[in-house]
Amino acid sequence: MSYTGYFRFVTVTLIVVALGGLLGWYYFLQAKNAQTNAQNTGAGYSALPPSFEGSTGSTYANIVSTLGESPGGAASSTSRLWEVSEVPVAGFGWQKGAEPTLYFIERSSGYVFEAQVSGHSVTRLTDTLRPKIYDASVTMDGSVVERSVDMSGARITFAGSVASSSAIVAATTSVASLIGNDLPQGIGTIAADPAYDTLFFTIPNPSGVSIVSTNVAGEKERSLFSSSITGWRLLAPGDGTVVLLQNPLDSVIGYAYHLQKSGALVEVAQAPGLTVLPHASSSALIFGSSQNGSLSLFAQSSADASPAQLPIQTVADKCAWAPGAALIAYCGVPETVASKQFLDDWYKGLLHTSDRFFEINISAASTILLYDPSGDTSAQLDVTEMYVDPTGQYLAFISGTDGSLWVLRIAQ
Amino acid sequence: MTRTLIALFSGGLMFVALPAMAQIDLSGTGDMTALTISADPHYPGPDSIVQLTAESPLLDLEHSDITWSVNGAPAGSGQSVRIPLGAIGEETDVKVSVSGSSGSDSATLALVPTSIDLLWEADSYVPPFYRGRAVPGSGSTIRVLAVPHFASASGSEAPPSTVDFTWKLNGAVDKAQSGIGESSAVFPAAILYGSDIVDVVAETADGSRSGESSVSIRTQGPQLVLYEDNPLFGIMYHRAVPSTSVASESETSFAAVPYFANAPSPNDPSLAYEWTVNDASVSADPEDPSEITINAQSSGTANIALLISSPDDPFFSAFGSWQIAFSRSAVNGNDVFHSSP
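As given, the protein sequences belong to chains A and B, one line each in that order. Numbers in my numbering are just positions in the first sequence, counted from 1, shifted up by 75. Numbers in my numbering are just positions in the second sequence, counted from 1, shifted up by 8.
Chain A with its partners taken away, still in its complex shape (with noise of 0.2 Å):
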């Protein structure tokens, strides 16, 4: 062989050993690279990020999805009930408009939604993160108070609104914040008049508690009562007034007051196990008893008239009014009373009712059946927190089975 020859016998061969090895890493890189993938799959690293997308936003879609249902209600709505949320719900309030909306505060996120009633949307209007809210409140104006525990334990209150437009003008999104102040720490209970800027609550004092007034800004603070008795629960009913129930013990007498600006106490009520229910502009009062798994419900159509019993069986916490002058209420009334602590078992989260709902005329003292939701749903309504909407078409309703909100169209 030539010296030519040979040198070309040589370069075909480092050719042909350099292609099989770059062949063979090929390969190698290959099994390499299916080996990490199938890693990364199996450690959830391919699934997709969070599109930011939809008018609830990934997180709620999230929950929904984890809950094993559909977002936005659909499938369990009807014509006349919609589950505007699934997911729990710390609290809501139905807004000023000619349009019935409401907003509400998603328990884990602290997140405030809008809920359009009339076409059943739902959108999420702020991105400010309050995990695990467990108590909140909405006023007509989009005032939000948002409670939740600290790692101590103790309560902790923020009080806020959703952030105007002008302040999210820069926004990519229509996502707001929300923007507020923190409430002193310790605060017992809270009332947000729905109609008026002001917050009643209970702050801790040496001998007790005060009550006290703010604005939600948490200025203009006036201390209206002190008490030795810490254990009060506030209603503010919507015109500026604030009423003091003291928390309700099943088959033990309660009272409740009508709190005076110059701090004194003017009973409203008394039973054993006593609910009530203000009325925002009259001295009219629905207030219900508790005693030994027997449960009644009475209305006054004023301060001066004798008390009604109605014949539904149910309590005040189940109720609310109708806006306006006439004294129409509206409440779940459980199919059945299954405990002799009824009151006590329930706010313990021990039992659930399933309620059907009735309209009262409070000046006739009569009640009719308004709606059986056995018929379009499945799910189990325990009626815990109910408001009507200004305009008096719909009612909204946080079910206590499991924290979902829902909206009942009051015509048929």
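Check each hint, because a few of them may be wrong.
As the list claims (entries may be wrong) - Computed Cβ-Cβ distance ranges for the label pairs, DEER-style: (1) A:425 x B:88: 46 to 52 Å; (2) A:379 x B:108: 41 to 47 Å; (3) A:379 x B:331: 51 to 57 Å; (4) A:339 x B:68: 46 to 52 Å; (5) B:178 x A:225: 37 to 43 Å; (6) A:225 x B:180: 41 to 47 Å; (7) A:367 x B:331: 28 to 34 Å; (8) A:379 x B:229: 41 to 47 Å; (9) A:299 x B:170: 18 to 24 Å.
Said to hold, decoys possible - Residues from chain B that keep clear of chain A, each with C-beta distances beyond 12 Å, as calculated: (10) 68; (11) 201; (12) 302.
Claimed, not checked - Chain A regions said to be covered by chain B (calculated; three or more residues, Cβ under 8 Å): (13) 204–210; (14) 335–342; (15) 422–431.
Hints listed in this document are in silico derivations from the structure and should not be mistaken for laboratory results. Ideal Cβ placement from N, Cα and C applies to all residues, glycine included.
Put chain B on the given structure of chain A with help from the hints.
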């Protein structure tokens, strides 16, 4: 309890104008027949029925004519009558006239219904945002507040700061907590399953209004309730874990809430938690002993039991047990958490 008012007689004319709730007034001149009117109940409430009885150690009431009038209108005859009262602060003027061979006399009485609301609660533990009332457990303290409704003729109520309160616990006067404006008091709870009777007598400074109220408060044992502590939603206080249930997640945390324990929080050092899962003891997290996390490797049932006690209080004890199926497996399925010792 009855109330006795002394009527004074002078020249056959009745001139007594004693305020309601006054006790005994022997001032005045003239012969004394000691005609009295007793009322039962002693402190009549609003819209109540009160029984009035004429009494006299000197007059032969059994053989006398006795007539009653209420607000000037005839209201019956005889030694006793029952009359209805009005609302709080609404005065009812009663007059009794006696005539007979033993003498004649008359007495008047002004009755003004009052009431005192007696509110109480305990300082025992209930979770944040609990809407019910805390009841006394072993070792806890009871706070009591009296809200008097002592209305004047104009309807205005005497402010509690001007009222003299006398507090009693099981019949014994507590002078240290009594006095003008002392509308609240604090008492230790009775022993477990016992009851305390708290009583308050209140009177305005001028003695024109007075009343009494009492309440029996029973000390209860703690109530142990288990809730899921959800990583998203927090402790699901609205939905207690029933004795038999199904967990939707393979790893689930549970929070035990000792309602009415004499402790400021469930993780208070005064409470001792003894968790067992399928009969095996599980060490509690020292920082958070009221919680337990079950991490099921496969489907099966966890039999969770919890005993809470207090080294400081031998009477404090609460026990609960729950059977929780994971991954939809049937209750009484395989034990997937550990092998029993």
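Q.
Flag every earlier hint the structure violates by its number, smallest first.
A. none
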